[in-house]
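Asks: Take a look at the letters that make up each chain.
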Amino acid sequence: MNEGWEFAKSYMTWFVTNMFGEAQPHLHFYALSFVTLASAIGVVIARNLVHAAMLLALCFVAVAGIFVLLNAEFLAAVQVLVYAGGVVTLIIFAIMLSENITGKQAIVHNRQSVTALGISVIMAVVMVAILLYDQSGYFVGPTRWALPPERNDFPATANTLLIGRSLMSTYTLAFWIASIILTIAMIGALILAKAEKARKEIPSKLSSLTSAIFPEPEDEDAKLTSDFMTPADEGQMEDTE
Amino acid sequence: MTYQPIPVPIHFYIYLATLLFAIGIFGCLSRRNAIAILMSLELMFNACNIILVAFCQRWGITFTLQSFSRAQDIESPVGQIYAVFVITIAAAEAAVGLALVIAAYRHYKSINMDDINILKW
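Listed in order, the protein sequences are those of chains B and G.
Residue 129 in my numbering sits at position 129 of the first sequence, and the numbers go up by one each step.
Residue 99 in my numbering sits at position 99 of the second sequence, and the numbers go up by one each step.
None of these hints come from the bench; they were simulated from the model.
These figures come from a predicted structure and were not determined experimentally.
Glycine included, C-beta positions come from ideal geometry on N, C-alpha and C.
Taking CB as the label site, the calculated pair distances span:
1) B:Ala77 to G:Phe68: 22 to 30 Å
2) G:Trp59 to B:Arg47: 36 to 44 Å
3) G:Ile118 to B:Pro215: 37 to 45 Å
4) B:Gly4 to G:Trp59: 22 to 30 Å
5) G:Met113 to B:Ile177: 25 to 33 Å
6) G:Arg106 to B:Asp134: 47 to 55 Å
7) B:Ile187 to G:Leu119: 19 to 27 Å
8) B:Ile119 to G:Ile61: 34 to 42 Å
9) B:Phe7 to G:Leu100: 42 to 50 Å
Some chain G residues flagged as far from chain B (calculated, every beta-carbon gap over 10 Å):
10) Gln66
11) Phe68
12) Ser69
13) Ile116
14) Ile118
15) Leu119
Computed footprint of chain B on chain G, listed as stretches where at least three residues anywhere in the stretch have a Cβ under 8 Å from a Cβ of chain B:
16) 10-24
17) 46-57
18) 95-107
Model the full assembly from the supplied sequences, consistent with the hints where possible.
Replies: This is the structure we're talking about:
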């Protein structure tokens, strides 16, 4: 624990000198991560759901900026397009369809919120401790996560080119499965979101479609009896039996 | 002297993703509204994406890409491809989850998760 405290103190000193000294490395990272975490906390504690959705969009855009810092430009574009463009729009539509926006909920958290806070804090502490301590419990600090000197400048990434090539060669099967999953999810979402009445009509429509494609073979005997037998004949047969 | 930006150490990204994931878990466990729970899930997906891309940046394979007349060192984008798939699945999950929320709202007239307790023991 003492090493941990020493490390925290040196970290604070380092942080203050870097933030308020002349050189300010990683300032872009600090700004982006501050926006990310602040808007994420806002998403979790906002009373108005529309505000939460807007903060979620802000969080997604900040995460896209972090992807740019990590040389993942294609992923940043996808993040803005799919998340900030698509998913947030979907969420806002769901809010408008399901909740009365003007009536805000008085209590947004359930009774287990203290337990939930404890669980999340414990998870964060454990995950950081796994990074900072080795297997036998000795404090090693984040030095093993530091970049080796030969990798200190990242080589260039022809990002989109490489991702497209890999998707079409090495990961083709995963790409197909992802597209099939998207199709299935789209159909499933449509059927789930349909009104109850419309959903009950689907089986009958499907059966009419299948009967149009595969017409049922006509029962020859039944056709013969219905054509050539009068009701009187049927009565006679019953009598004889 | 050319300006050489100092790369951000990789453990900063790990701390950021850890905090984001913890915030997402807190929201997922404690919010009452179903749509808010889905939003917290999206936060957790984003934390996973940050971790994937950062680890790919740190331990990714570097190989040489031979173009027509030049060769350049290139990082293998495996983690980014995984992140693309995560985004795909997250989009599908959001669509299905919100459709489920709307169906549940139509049935229960509420999307409060405390009211939807028909499967409770």
